[in-house]
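Here are the chains, one letter per residue:
2 protein chains.
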Amino acid sequence: AAAMAAERGLAMATCTAPVNIAVIKYWGKRDTDLILPINSSLSVTLHQDQLKTTTTAAASRDFTEDRLWLNGKEVDVGHPRVQACLREGERPCPRCPCCPLSLLLSYKIHVASENNFPTAAGLASSAAGYACLVSALARLYGLEEELSEVARRGSGSACRSMFGGFVQWQRGERPDGSDSLALQVAPETHWPELRVLVLVVSGEKKPVGSTAGMQTSVETSPLLKHRAEVVVPERLAQMMQHIQNRDFEGFGQLAMRDSNQFHATCLDTFPPIFYLTDVSRHIIALAHRYNAHHGHTKVAYTFDAGPNAVVFALADAVAEFVEVVRRSFPPATNGDQFVRGLPVGSAALSPELVAAVVTEPVPGAVQYILHTKPGPGPQLVDDPSQHLLGADGLPRSHA
Amino acid sequence: AAAMAAERGLAMATCTAPVNIAVIKYWGKRDTDLILPINSSLSVTLHQDQLKTTTTAAASRDFTEDRLWLNGKEVDVGHPRVQACLREGERPCPRCPCCPLSLLLSYKIHVASENNFPTAAGLASSAAGYACLVSALARLYGLEEELSEVARRGSGSACRSMFGGFVQWQRGERPDGSDSLALQVAPETHWPELRVLVLVVSGEKKPVGSTAGMQTSVETSPLLKHRAEVVVPERLAQMMQHIQNRDFEGFGQLAMRDSNQFHATCLDTFPPIFYLTDVSRHIIALAHRYNAHHGHTKVAYTFDAGPNAVVFALADAVAEFVEVVRRSFPPATNGDQFVRGLPVGSAALSPELVAAVVTEPVPGAVQYILHTKPGPGPQLVDDPSQHLLGADGLPRSHA
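Residue numbers (UniProt numbering), protein chains in the order written: chain H, 1 to 399; chain Z, 1 to 399.
Treat the hints as calculated values from the structure; they're not laboratory data. Honestly, I wouldn't trust all of these hints.
Note that the list lumps identical chains together, so a pair holds whenever it fits in one copy or between two copies.
[What the hints assert, rightly or not] Think about it this way: if two alpha-carbon atoms lie no more than 25 Å apart in a straight line, the pair counts; the simulated SDA-like pairs of lysine to any residue are: (1) K225 with L236; (2) K108 with A348; (3) K73 with D392; (4) K73 with A391; (5) K73 with L353; (6) K73 with E323; (7) K225 with R61.
Bound conformation, chain H alone (with noise of 0.2 Å):
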């Protein structure tokens, strides 16, 4: 395809990606330049029927520079970690140096890339983002070797949206990177009653980017150094076996943990990171009070470098849940669009259940909840209809 496309001129993929959620955190390279963390994490791939990012590349010889758009909007290209990715194709060529790849690989490129919820509101957006710019031009090039290295120079955690299911990012060994990969631990079929509850609380632009603020930790916070030495690879091979087993109670219990555990390190970072705010702390309550309700962990809560929560629970306790977290957010205005994503039943509380667990409501403080649940890897999108560039290589006009 890549070849034909070539001898036309014009080349053009497209691809989908999904959100990634981390339950054993990243948090800290050891490598800024090659992005290589100091510990190995673990996440959940959720599924990009509710989050996703669509991108387009396209490459051709009437191009004289390259461009991207984001949402529509055309930014700066020279981002060194966005050229990253878009020079990726230049390695040497595995094929002879006369193949129509080589002409391709000499066009300039556009892309264009959408997400389907909000930017930066730490719902790993840059994850997605830069998995499907990967995808993409891997598409674009016709190659089909190890992306999540790749995708890992973008955005770390990037890696780990290039497969669906449960996913492990491996620390890796080798100082220039190449066995710090994303690995399939399970694929989305593995564990079919598993569901997740986005709690968006704030579309807010968080204070402290990630970037900037997990180096200021590793430079600053004892406690991070010793969470990824020590603590980081128990707790890997015990999640590992959780999912293993479809055990939620462990799964739920130590995925709490380990985001507790990540703000701890963001709070002993000088000067300290705040993610959590009184809502985050609201909604970690009530998660406490409906487990201990119930005995045992219905739901698990786990945040990253945002407010927002995402709420992990088997598919039988999300009614209920999300009637609960109804009652002890009550929407200020929107209250049709309060649950968005999945269907959810409908569910009665009983008077004990309320009493017990919906103490001090808090009007308007969850925006809205978005259900889903763990989903595959990147797609390519087939039908050249979805492509995000038009034949002349500009970003479509939206209807």
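Since the structure of chain H is provided, determine the placement of chain Z on it from the hints.
Frame of chain H, contents of chain Z only:
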């Protein structure tokens, strides 16, 4: 005095004792009965002109039971920790068994205690309370031995309130706790320029009591274990040096880092414990902006098990920082009582300072500021008219 009083059938003693604020934090016991800590800690004793507990202890052959009044209200005297202090006098008397002290020790005891500040607001009222109880009982019985070990049995941090100035509570090694004592590092006169501002955020009772909280931390936080074993021993030595050198930069930086690390271990506890609120975080961010504007550490915050901030500063920085706090948290109503305690001069803020530091004011978030400084240890109140109990052994009515 005790002997003479015992012959009259009524003995009474009144003492005052100070609050202390740790700059290397105590969190976690290795022995919950003896109250032996997992790490040494270091505190500054605050001046009793602003914050103190007053306690009167009386023993009489006419009393039929032990009784206790806190802030004018009678409370149960059966609490094991109170009993540990009350019964401390029953240790084998170093003098002969027929001395008047033995007679006095057989009497029942009445105790009345009052704070000149709100209890349970995260202002270490239990430390001052137990230090004061032990001091008053020791005076009553005429004991002159090592008392910090006794105070420790009431409330761990109370042992540090048995001395003025800068006080170390050494962890100790012996299983019986006999070497887990408070020691004065430097008297309150050592650093005359040092000032303390208590930013009272809320009079609410804290959500998780420190006794229960720290034990959960010991049981569940891997980071606390590392802190106690590895981080604190280094920090304690550094902090002693900073105090010795009156090095505010070093003292302040380390105090802030250690406060943050203590709260990080609370967050690493499972279920997590939160003492810092959004308002606490605002104060932390404000302090860092203020120091960044000046290019060095002019103020240093520390937070105990509650949202109130304790801010250290040198005397020449107080007026400006207080004005910054007033502008950042404009007082809601009692504007005239916003600053209490030691006098604070007026300060004009430069437009550059305001622009760089006073961002996003939060009206009413700080109730008031208490201005104080390091002070002496427990004091005997000689004036009999100051006793909180009358000649009948009952609390005096307040005018």
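Legend entry - Indices of hints not satisfied (ascending): The structure conflicts with hints 2, 5, 6 and 7, although it agrees with all the remaining ones.
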